[in-house]
Amino acid sequence: MKNREVSQHLYQLSELLELQAENKYKVVAYQKAARSIESLKEDVEHVCREGLLQDIPGVGKAIAEKIEEYLRTGRIKAFDDILSRTPKGLTELLQLSGMGPKTIAMLHEKLNITSIDDLEKAAKEHRIRRLPRMGPTSEKNILKAIERHRMRSTRIPLYVAEPIVDEVLSRLKELDGLGNITAGGSYRRRKETVGDIDILATSANPADLISAFARMPMVEEVLGKGPTKATVIVRDNVQVDLRIVEPRSYGTVLQYFTGSKDHNVKLRNVALDKGYSLSEYSLKRLDDGQELFYPREEEVYAALDMDHIPPEIREDTGEIEAALDHRLPKLLDLKDIRGDLHIHSTWADGRSSVDELTRTAKRLGYEYIAICDHSPSIGLTGGLSPERLEQKIDVIAAINDGREGITVLSGTEVDIRADGTLDYSDDLLARCDVVVASLHMAQQQKERIITGRLISAIENRNVDIIAHPTGRIIGKREPYEMDMAAVLEAAARNGTAMEINAHPNRLDLNDRWARTAKGIGIKLSIDSDAHQAAHMTAMRYGVDVARRGWLEKGDVLNAMGLQELLRWLSRL
DNA sequence: GCCGTTTTCGGCCCGACTGTTTTCAGTCG
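Each position in the first sequence, counted from 1, maps to that position plus 9 in our numbering.
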């Protein structure tokens with residue numbers, strides 16, 4: 010699939026246009042098209058062959074022609090032209106906070122600055138303060154922005170943001186006069202990674218709240234501080250924004266700062282259609298200018314005749330239309346989870362015994378767990394020999410005889426070998442209650458080979474679930490080269506479930522693939538993949554992904570009660 | 001550049017903060 014290449018080119022083109030001080034809506038148009046291609050489920054080449062490029066939202070005549078040109082020739086002439094006109098290095102200046110296209114164009118014109126190094130030199134030599142609308146503070150801010158850029162961390166995983174949010178909230182909650190306080194943004198939408206953290210609050214003493222926020226021990230730098238908002242940098246170079254708002258506007262503000270941007274743009278258009286202008290402060294009636302205030306977010310959506318949209322699905326992928334038609338999905342809830350089908354134990358490389366895992370499962374309110382240790386090919390981690398697996402099956406059977414409450418299922422995470430065969434015989438796999446198959450070795454193989462390995466595992470009637478199907482590790486390892494559409498099609502055909510691995514570094518399948526899988530009738534299994542009892546609570550990250558993927562209780566294998574699950578496991 | 005049960009032209013979300021001004025342009029989210 011060339012979707013990613015195409016969207017990257019469109020993103021770059023939009024940056025180049027921005028530097029040319031092009032019409033800003035043109036810039037936005039290219040970004041929108043790039044995002045559409047990025048999240049397109051079909052192969053863009055296929056869509057192009059069918060002549061349906063312009064059916065893609067945000068793609069019109071001009072962009073469709075450029076995509077076609079790229080797919081045909083591997084180049085886009087307009088792109089090459091503008092690239093040759095733009096000094097290299099100007100685009101990297103856009104990444105500095107506070108530097109927009111106008112400023113960069115002026116610096117280029119007046120001081121011939123074409124790189125971050127040029128800019129740093131000019132600022133240090135005090136040449137920038139002589140320019141219009143610039144001064145000593147501008148120079149200082151530029152140098153700071155450069156420093157931050159050089160030690161910038163990319164987006165942080167959700168589980169890293171969580172303790173920071175918890176600490177900020179618990180500190181500020183002690184203050185007098187505080188009303189509401191909550192984190193918005195991609196954190197509230199439970200995206201797998203978070204850029205900045207947005208905190209929203211109401212308070213009788215805004216000034217106290219702002220100054221307490223700026224003085225928190227974790228704060229390393231204060232970037233801005235006004236009467237109603239402040240921005241700080243805390244540990245790990247994470248930016249945290251605090252905004253204080255009138256209680257009567259809390260609903261509109263929370264809505265606005267939860268995003269996403271695309272969701273909000275569309276929501277404001279819905280408001281306009283209905284004769285209102287929606288801002289973070291109010292809903293204003295256009296005919297008489299009357300302002301309506303909503304302290305609660307639910308009321309904002311209700312005022313537009315919409316059902317309340319869960320934050321996790323506010324990405325403008327159909328949720329607004331669904332809310333207008335009152336046909337939003339009833340999203341899966343953590344409470345719906347009845348068990349965990351992929352847990353490792355001390356039989357192999359896990360750190361907790363089956364007994365400890367069972368006790369934890371009970372505490373979590375589960376009905377069942379499946380102990381799925383590795384197979385022999387994972388040499389270093391002590392994968393179980395066939396004999397040991399048989400022994401484990403017998404021991405677990407004995408445990409179940411004497412236990413009430415939690416049913417322990419015998420399972421395995423069997424390796425899909427480099428040649429596509431499985432690491433245990435079919436006879437042995439047939440003795441397991443749950444067979445989770447996954448790929449650990451030879452991950453560098455070509456797309457065709459990897460896809461074939463996964464499909465042959467799917468076609469093995471003993472295999473129930475494909476674990477961490479793409480193999481990606483957030484921020485560390487890209488997904489395998491694979492044809493996911495073909496894999497999902499095979500899973501649908503064979504009645505094999507796909508995993509949402511809830512390990513916060515994996516989250517694999519991700520939200521989008523999970524939604525695609527649901528769409529073609531595949532069951533999803535949300536598994537902790539815990540290697541110790543304490544990590545079984547990672548389940549909630551998997552539920553976040555499931556909710557973002559529009560999953561409902563009925564789509565999820567381990568939201569079934571035990572009897573229903575056992576019926577499903579013996580489905581063939 | 002895209003888009004359209006008010007459409008093929010004229011919109012495209014909108015307000016806070018900053019640094020420089022002395023009324024505002026640029027950037028950000």
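Calculated directly from the structure, the hints in this document are not laboratory data. Every residue, glycine too, gets a C-beta built ideally from N, C-alpha and C. Accuracy of the hints is not assured; some may be wrong.
Have a look at the derived ranges for each label pair, beta carbon to beta carbon [to be verified]:
| id | residue 1 | residue 2 | range |
| --- | --- | --- | --- |
| 1 | S579 | P256 | 28 to 34 Å |
| 2 | E31 | R470 | 28 to 34 Å |
| 3 | I529 | L575 | 21 to 27 Å |
| 4 | T191 | R368 | 43 to 49 Å |
| 5 | I529 | N189 | 38 to 44 Å |
| 6 | T191 | A451 | 44 to 50 Å |
| 7 | E74 | P395 | 57 to 63 Å |
| 8 | V37 | G374 | 45 to 51 Å |
| 9 | G298 | Q17 | 29 to 35 Å |
| 10 | E59 | I529 | 16 to 22 Å |
| 11 | Q17 | E468 | 33 to 39 Å |
| 12 | P256 | D410 | 57 to 63 Å |
No more than 20 Å apart at the CA atoms, straight line, and that leaves these computed lysine to aspartate or glutamate pairs for DMTMM-like [stated by the list, open to error]:
| id | residue 1 | residue 2 |
| --- | --- | --- |
| 13 | K153 | E230 |
| 14 | K371 | E399 |
| 15 | K11 | D52 |
| 16 | K455 | E487 |
| 17 | K97 | D127 |
| 18 | K119 | E156 |
| 19 | K275 | D64 |
| 20 | K238 | D185 |
| 21 | K111 | E148 |
| 22 | K339 | D296 |
Quick rundown of the hints versus the structure:
1. S579 with P256: 28 to 34 Å: Violated, since S579 and P256 (Cβ atoms, about 56 Å apart) do not stay within the stated range.
2. E31 with R470: 28 to 34 Å: Since E31 and R470 have Cβ atoms about 57 Å apart, the given range 28 to 34 Å is violated.
3. I529 with L575: 21 to 27 Å: holds, 25 Å
4. T191 with R368: 43 to 49 Å: violated, 34 Å
5. I529 with N189: 38 to 44 Å: holds, 41 Å
6. T191 with A451: 44 to 50 Å: With Cβ atoms ~46 Å apart, the hint holds.
7. E74 with P395: 57 to 63 Å: holds, 59 Å
8. V37 with G374: 45 to 51 Å: The hint (45 to 51 Å, Cβ to Cβ) holds, given that V37 and G374 are roughly 47 Å apart.
9. G298 with Q17: 29 to 35 Å: violated, 45 Å
10. E59 with I529: 16 to 22 Å: Given range 16 to 22 Å: holds, Cβ gap about 20 Å.
11. Q17 with E468: 33 to 39 Å: Holds, since Q17 and E468 (Cβ atoms, about 35 Å apart) stay within the stated range.
12. P256 with D410: 57 to 63 Å: holds, 59 Å
13. K153 with E230: holds, 10 Å
14. K371 with E399: violated, 26 Å
15. K11 with D52: Since the Cα atoms of K11 and D52 sit roughly 7 Å apart, the hinted pair holds (cutoff 20 Å).
16. K455 with E487: Satisfied, since the Cα-Cα distance of roughly 14 Å is no more than 20 Å.
17. K97 with D127: The hint holds at about 12 Å.
18. K119 with E156: The hint is violated at about 23 Å.
19. K275 with D64: holds, 18 Å
20. K238 with D185: holds, 18 Å
21. K111 with E148: Given pair K111, E148 holds - Cα atoms ~16 Å apart, limit 20 Å.
22. K339 with D296: violated, 36 Å
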